[in-house]
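A.B. asks: Spelled out, the chains give:
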Amino acid sequence: DAKTTQPPSMDCAEGRAANLPCNHSTISGNEYVYWYRQIHSQGPQYIIHGLKNNETNEMASLIITEDRKSSTLILPHATLRDTAVYYCIVRVSYGGATNKLIFGTGTLLAVQP
Amino acid sequence: GAGVSQTPSNKVTEKGKYVELRCDPISGHTALYWYRQSLGQGPEFLIYFQGTGAADDSGLPNDRFFAVRPEGSVSTLKIQRTERGDSAVYLCASSLKTTQGGCCNQPQHFGDGTRLSIL
Numbered sequence: 001d002a003k004t005t006q007p008p009s010m011d012c013a014e015g016r017a018a019n020l021p022c023n024h025s026t027i028s029g030n031e032y033v034y035w036y037r038q039i040h041s042q043g044p045q046y047i048i049h050g051l052k053n054n055e056t057n058e059m060a061s062l063i064i065t066e067d068r069k070s071s072t073l074i075l076p077h078a079t080l081r082d083t084a085v086y087y088c089i090v091r092v093s094y095g096g097a098t099n100k101l102i103f104g105t106g107t108l109l110a111v112q113p
Numbered sequence: 001g002a003g004v005s006q007t008p009s010n011k012v013t014e015k016g017k018y019v020e021l022r023c024d025p026i027s028g029h030t031a032l033y034w035y036r037q038s039l040g041q042g043p044e045f046l047i048y049f050q051g052t053g054a055a056d057d058s059g060l061p062n063d064r065f066f067a068v069r070p071e072g073s074v075s076t077l078k079i080q081r082t083e084r085g086d087s088a089v090y091l092c093a094s095s096l097k098t099t100q101g102g103c104c105n106q107p108q109h110f111g112d113g114t115r116l117s118i119l
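Those protein sequence lines, which keep their order, are chains P and E.
In terms of the working numbering, the first sequence opens at residue 1 and continues consecutively.
In terms of the working numbering, the second sequence opens at residue 1 and continues consecutively.
Hints are computed from structural coordinates only; laboratory data are not their basis.
One or more of the hints may lead you astray.
The calculated BS3-like cross-link candidates involving lysine-lysine, where the alpha carbons are at most 30 Å apart (straight line), are [to be verified]:
1. Lys3/P to Lys15/E
2. Lys97/E to Lys15/E
3. Lys97/E to Lys78/E
4. Lys52/P to Lys97/E
5. Lys78/E to Lys17/E
6. Lys11/E to Lys78/E
7. Lys97/E to Lys69/P
8. Lys69/P to Lys3/P
9. Lys69/P to Lys52/P
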């Protein structure tokens, strides 16, 4: 699976949009981009995933560049409860591959009041 | 609906003891995963079950670690002769069976883990 690079930490003001970047320059055509987050003392929580197109759900939006070498997770109106470590992961989609997730150290997003 | 349930939430035991950690996946999820998370690190993969069989156990650190899923639902992670270095949060996740021959279009849903402390 391709490696990802994320900033170790970011701050965001409450009520503003949080834009979390991720570089995955070695991504191949059959790899999905997944985002999870982990709030202190809880298990990782699935947020969103995409392959080529931008995606949006009730939690966030995922913007993937046309060359797929980077992506941005957008939390449109950050709240204090969004303070967490955010993980960007790329995963191969061919049949028979193990479903394992390979986590890096993620980005610690601190939402400030 | 009910999420992934892990018991106990905390376990403290002495070095050399045997421990069992339990995971109840989301109903209907055929895939089950175990991960281990040390302080300040992201989770690390241990083992993956599809149904009753371990499809990938490449992440188990040594033969003191073993996991079973006899009926394709509940799974137990077993650690023999525990060492202080085994102290970590052990996470379990489950997902639906992947479709279209692929592996990665079904997200994994995690429990809150078991915090294991070896004294």
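A.B. asks: State for each hint whether it applies.
C.D. replies: We went through each hint and held it up to the structure:
Straight-line distance between C-alpha atoms of Lys3/P and Lys15/E comes to about 36 Å, which puts the hinted pair past the 30 Å bound. The suggested pairing of Lys97/E with Lys15/E is violated, with an alpha-carbon distance near 38 Å, which exceeds 30 Å. A distance of roughly 25 Å separates the Cα atoms of Lys97/E and Lys78/E; the hinted pair therefore holds under the 30 Å criterion. With a C-alpha separation of about 22 Å, the suggested pairing of Lys52/P with Lys97/E holds against the 30 Å cut-off.
About 11 Å separates the Cα atoms of Lys78/E and Lys17/E, which keeps this hinted pair within 30 Å; it holds. Simply put, Lys11/E and Lys78/E have alpha-carbon atoms about 13 Å apart, close enough for the 30 Å limit, and the pair holds. Under the criterion of a C-alpha separation no larger than 30 Å, the hint pairing Lys97/E with Lys69/P is consistent with the structure, at around 28 Å. As the CA atoms of Lys69/P and Lys3/P are separated by approximately 11 Å, the hinted pair is consistent with the 30 Å bound.
The suggested pairing of Lys69/P with Lys52/P holds, with an alpha-carbon distance near 11 Å, which does not exceed 30 Å.
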